[in-house]
Each structure stands twice: as structure tokens, then as C-alpha cells.
Amino acid sequence: MNKKLLGVIDATTNYDHLMELTAHRSLAAVPFAGRYRLIDFVLSSMVNSGIKSVALFPKYQYRSLLDHLESGKNWNLSRKKDGLFFFPTPHLDVPGIENGSFTHFAANIDYFNKSTQKYAIIANCFTIFNMDFQPVLDRHLAMGCDITEICQNGHSLDMYLIKTSLLIELIETREQTGYTCMKDVVKGKQPLTHCHYEYTGYISTIDSIESFYVESMKLLNPSEWNKLFIDHQPIYTKVKDEPPTRYLKSSSIKHAMVANGCIIDGTIENSIISRGVRIGKGAVIKNSIIMQKCTIGDNCIIDSAILDKDVKIEKGTVMKGTSQIPLVIRKGTVQGELIS
Amino acid sequence: MIKKKCIAMLLAGGKGSRLHSLTKDLAKPAVPFGGKYRIIDFTLSNCTNSGIDTVGVLTQYQPLVLNSYIGIGSAWDLDRINGGVTVLPPYTASSEVKWYTGTASAVYQNLNYLEQYNPEYVLILSGDHIYKMNYEEMLEYHIKKGADATISVIEVPWDEASRFGIMNTNEEMGVTEFVEKPDEPISNLASMGIYIFKWTILREYLLEDAENPKSSHDFGKDIIPKLLHDEKKLFAYPFKGYWKDVGTVKSLWEANMDLLDENCELDLFDYSWRIYSVNPNQRPQYISSEAEVTESLVNEGCTIEGFVNKSVLFQGVTVKKGAMIRESVIMPDAIIGENVLIEKAIVPSHLTIPDNTVIKCDPGQDEIVLVTEEMLAKRV
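Chains as they are written, first to last, in our numbering: chain C, 1 to 340; chain R, 341 to 720.
Read the hints as simulated data drawn from the structure, not as lab findings.
Check each hint, because a few of them may be wrong.
Unchecked claim - Calculated pairs, DSSO-like style, for lysine-lysine (alpha carbon to alpha carbon, straight line, at most 27 angstroms): (1) R:K650 x C:K293; (2) C:K249 x R:K472; (3) C:K315 x C:K293.
What the hints assert, rightly or not - If we take Cβ atoms under 7 angstroms as the criterion, some of the chain C residues that face chain R in the derived model are: (4) G34; (5) R35; (6) G72; (7) F229; (8) T245; (9) R246; (10) Y247; (11) K249; (12) K254; (13) M257; (14) V258; (15) A259.
Even for Gly, the Cβ is constructed at its ideal location relative to N, Cα and C.
Looking at chain C on its own, in the form it has when it is part of the complex:
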């Protein structure tokens, strides 16, 4: 029996509430947990579930996403047969289809027609999880479902398992049915057997700066990261060849997650530090998320802030947000002493 799965990632979503982090990048490429981007979690889950063919539908500012994924080699998806496929949407300026994936799929219907995988997983790029999709398929088959919607505590995770031929049919009849995406289908009136699969593992949904901050901080709890980072289901990401992180004489570090390639001589508490960050002597970082290649000068005080990539904070600068509204510093900016 053909039990092979096709992976479909809808990366067309964008949220205005995340503007400060998505002005230069697709939501799928937003950095998370020190060394990953949001896409890594769904992509690794698919790969670890034995999925060999993944189609990615990006929209909006996808340069950084393509740069991150390259040929798919880091996810073991640079293959002669199948592998990773990019289908950037041709409908960039068409209004009213922002949430309608079927239009994007329709533009690339050949991919679905040519695929031999009998079933497809349709997933989004803003959910952080580490899931094996095979049990979802097993249950789907056992229950004789047409569509299985993956949920947690009864809430939809906006991820679906469907027979590829049915998906093609839904795409092709979208004008008659009025369905623009899978969400419409499961809410629709068509006579389809609609099942739910309860996923009990780690879940974070990122749809605003606040949720990005809260969900990132949640990861500092060992019982949480232990659920996301599972030994036999590794999360793959782009290799950077950074050396191990170096702690200097006056470093003091408590309750933190730190990626490679950092040089740290300051104090870090309750924070996430990404790859290649420099933290100067006497600097204090608290309750913050510091993204890749940021440089923080000596004696800075940074509390409750999100520093996007390549931010430079000049020595002695004091910056404070609140736990409700973290301060967000945009990519590549330089911050001096006068800003507080």
C-alpha cells in the first residue's frame, strides 16, 4: 500500500503584528531559539517523518528564506529524486487572496499531478513543533477519514492530512465551491469525513511580537525545551561553522540558552543568545532575545528587549522594555547612549 506523504508548506502567511521582525523577511525565516528559523521546525518534522518531497509556497520578502534553505541539503532534501521545491507565488499583487493557499497551489498544480505520494500534509510556517506525521496517517487510514485536522486541546493547528487526489480536486473546483484554503474546506458544507488528530507534544504559535517573546521565553524552561528538542527527531538548520562559544573571565550566566560562535564577557540572565553574538565586559542582558551577530558594548544594560540580527549597541547604552511590551530593535541598526 502506498503510504507515502507529500509535504506542503504554506509560507504565504504574514502578520502585521510581527512587522518589526518581518519587514525584511518572510515569517518562515524569522529567527527562533538561538540558531533556528521558524521554517526549520516544520521542515525537520517532515523530514524526520520520512517525507522525501516537500513543496514550499513562499510569498513576501522570501530572499532570506531561500538563502537559509539553499538546495535543502541541510535537511537532507537535496535529492535526485524528489527533494525540496520552491514555488514563489506569481500573485503577489492580487488583492484578497492573502489567506487563500489554493490559488497559489493552482498555479503549480503540475507538482501535485506529478507527485506519486498518495497523501499530503499541508502545514504552515508559524507553528513551532516537533511531530511525527506517520501516526497521523495511520489514524487517518484506520478511521477512513477524508481530511484529518491536527489539533491540540481541541484547537486547530491549521495543519491537515488529505489524500493528494482529493487535494487536487479541491484546488481545481475552488471557483465552484468557493473554498480558498484548507480552513474553508473543514468549515464547509461538502460531505467529507472530517477527523481530528490530537497532538500532545510541544506547540508554539507565533503571530505577534508578544507571542514571539512569550513563546521564546517559555523555551528557557528545561521541561519545555526537552519536549521540542528530541534526540531521535533532531531539528535541522543551516550550518554556520561557528566555533564553540567562548566565556571570558567576567562572564556570569544564569538561566540562558546560548548558540555557538559567541564571545561573552558580561552578565546574562533569563535570555536567549543566538549565533555569533559579542557581549562586552560589564554588560548586563536580562529577559532578552539577542539575535545573530549582534554586538553589545561594555557596560550596556539591556532588559526585556528583542534585538534583531546585526544590531550594534554602543558601550554604556541602557535599554529597557517591559515584560508585556518588549523593546524591538530592527535588524542592522546602531544604538547609542542617548536612546533609552
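Put chain R on the given structure of chain C with help from the hints.
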């Protein structure tokens, strides 16, 4: 095959017996180093950073881990359409099994590999050393000098010179004499085991050497002295910078500790000369509220709840509550139990140190402790 200007032969078959249990199931070039790397990463990264894209890696002793680590060379960007990395193990020929009996014999057995590319120059390297070196500059020097062979040398302290193979040179850096471990050295230029040969000369001498039953088939002991005897043009290439043979437990420990010195010449953070390695795909390191980490190198995948000072921690190491690690090297996936004390030690990969264990050298001794399973079993 497209002709190559210079290709490298990397000798990686060494047993490294002075590393004791660390090389029981592992060739010396595959021994972990620097929190993330294996020793051979330095030589392979030097090759790729020097623009040398064709490297034959000669393996013999315990090659499983080393061979699978090297793979097709993609970690060092050495998976090439033409050239790239080729692992060259000993093989059986029509009449006999040809084990590599010496460094020259290993290259001789693979003359067919070299002939495929018909290079102008051959660079002979060893996978046993920690250093960063631009081989392209050495090749330019070799060409400029019109040398038949060039040997890379480093100045060593005079009182240590009698431990090395020493090159005596004239004012133009021409080699006049090569003395292995001289009692009374007249030069302090030690051979680094890095040679560039004109391919035609190397070929001729390897063929001749193979026929000589008295030869030990070694570059330092046989080939270089023969070239000198025949008055070929040999030059010493003076290398300046960090270079360390990590052949003993103590020197391996020292080289790891050198990395913790902020002024160390071997800068792992120099992005213009990256040291590449196979990525172990681990989550970021987690440092708990009880932990203290200073003057150390820590890799991804570590979980630290104890005290770490002046130490190198590889990927996936766990340091439990109350444990104290000082001046030590903890290799991948080792687990350090609660309230353990470790000082001046090397803990090999995957070892679990039971709670409350104390590991340090006996008072008055300067030895580095290499922790083994047998040692831990005895204590229980």
C-alpha cells in the same frame, strides 16, 4: 581527469599510541579537539582555505570513524566534480596485501592516484597537528626558490630542539643537513612533516625507495636524506604561528587549554580562515540558574547546572548540579554527575562520571588524568 597544479596527500593512518585509550578505537586524526573539532579538521580546512581542492587521505589504523567523518568531504567544501577528497586505504594487489609500512610507502602505494591528476607539485601533509597555514604561500615560495623539495619548519625552543627532526640551513634557507633528534643541535628549525615536492622528483624517488630493501620507507628518514645525498635543491620554509603536535595526553590537553588564552595565536573566531567540521546538529547550550561558566569554550547541545572554569566542553555534555570542572577537557556526550570534582583531566566521549566522584592528579604530580571506564570501575 583535468590536470591539477598541486594536490595534497594527507597521511592519516597514525595510531597515536601515546594517546592511550583515546585512540583505542580511533585513528589519531579523528580524536576530538577544541570543543567541536577533530584533529584532521585543521589540515582539511587549511587545504580548502589555501585553494587546494584535491586531497588524498591515506588511512590505515582504525579507519571506521575517520572514514565516515570525512565522507565525501562536503563539510570542508571538498566535494568537487573534479578532485575533492578521496580516502585511500591500503589494498590487495595481484601478488600481496600492501600495508602502508611508512609514510613514503603509503604515498608510493597510491602513485596511481597521483598519476590520474598528473600534478606539477605534490603537498605531503599529516593529520596529526593543530595549526593554521596557507599552503599556497608555501607553494609560491617553493616555485620562487626553484626547489625540488621544500620542507616547512618552525623555530622551537633550543632546549627542546633535540626532540625534533632538525634542519640545518644556509643563509638562503637551503637545507644542508637533516638530523633526527640531534644530541647537540646546531639549528632550532624543526621539520613540521609538511613537504612540497616536484611531482617528477617525488615519483622518481618513491620508485627508487620502494626497491630498496634497507629503507624504512619514511619521508624524514629515507627520502629527504637521499635527496640531500644526491644534492637536490632542498629548501626550508620558515612557518610562523601556532603549531602543535598533539601526540600525547599532556600535549592534547595543553593545546585545548591554549584555546582558552585570549591572546592565543590560533584564533578559532577568525572568519577569514575558518576551521570547518561536521555539524552535529544540536540545540543551543542551556545554562541553568545554578550554573557558573567562566574562561571556557562550550559547544552546542550542552546542559550545564554546575561550575565550569578554564575548560573545554564538547557537544552534548551534561554537567549536573554541584559538579565542579576545572582545567579539563570533556569530550562529546559525557555526563558529569552531581557533586563531581574534576581537575586537569580529559574525559573521553560518552563516559558517565558517577555522582560524587573526585578526579584529580595526585598531589605534587603534574600529570593530566585521562579518565577511563576501568578507572571508574575500580573506584566503585
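Point to revise | Interface hint for C:Y247, Cβ within 7 angstroms of any Cβ on chain R | key: OK, holds: C:Y247 within 7 angstroms of chain R, min 5 angstroms.
**Study point:** Distance restraint between R:K650 and C:K293, which requires alpha-carbon spacing of 27 angstroms or less
**Key:** holds, 25 angstroms
**Study point:** chain R contact restraint for C:K254 - C-beta distance below 7 angstroms
**Key:** For C:K254, the interface hint holds, since the closest Cβ of chain R sits about 5 angstroms away, which is under 7 angstroms.
Exercise for review: Identify whether the interface hint at C:M257 stands, where standing means a beta carbon of chain R within less than 7 angstroms of its own.
Suggested key: The hint holds - C:M257 has a Cβ within 7 angstroms of chain R, the shortest such distance being about 5 angstroms.
Review point. Under the criterion of a CB-CB separation shorter than 7 angstroms, is C:F229 in contact with chain R as hinted?
Key: holds, 4 angstroms
Review point. Can the hint on C:K249 be confirmed by a CB-to-CB distance to chain R that is less than 7 angstroms?
Key: holds, 6 angstroms
Check your understanding: When the nearest CB of chain R is found for C:G72, is that gap smaller than 7 angstroms?
Key -> violated, 14 angstroms
Review point. Within 27 angstroms, alpha carbon to alpha carbon, are C:K249 and R:K472?
Key: Satisfied, since the Cα-Cα distance of roughly 26 angstroms is no more than 27 angstroms.
Point to revise | Satisfaction of the C:R246 interface hint, Cβ to chain R closer than 7 angstroms | key: The hint holds - C:R246 has a Cβ within 7 angstroms of chain R, the shortest such distance being about 5 angstroms.
Exercise for review: Could you check if C:V258 really has its C-beta closer than 7 angstroms to a C-beta on chain R?
Suggested key: holds, 5 angstroms
Point to revise | chain R contact restraint on C:A259 - CB to CB distance below 7 angstroms | key: Holds. Min distance 4 angstroms.
**Study point:** Agreement of C:K315 and C:K293 with the hint, judged by alpha carbon distance not exceeding 27 angstroms
**Key:** Judged against 27 angstroms, a Cα distance of about 16 angstroms means the pair holds.
Violation of the numbered hints given earlier is confined to hint 6; every other hint is satisfied by the structure.
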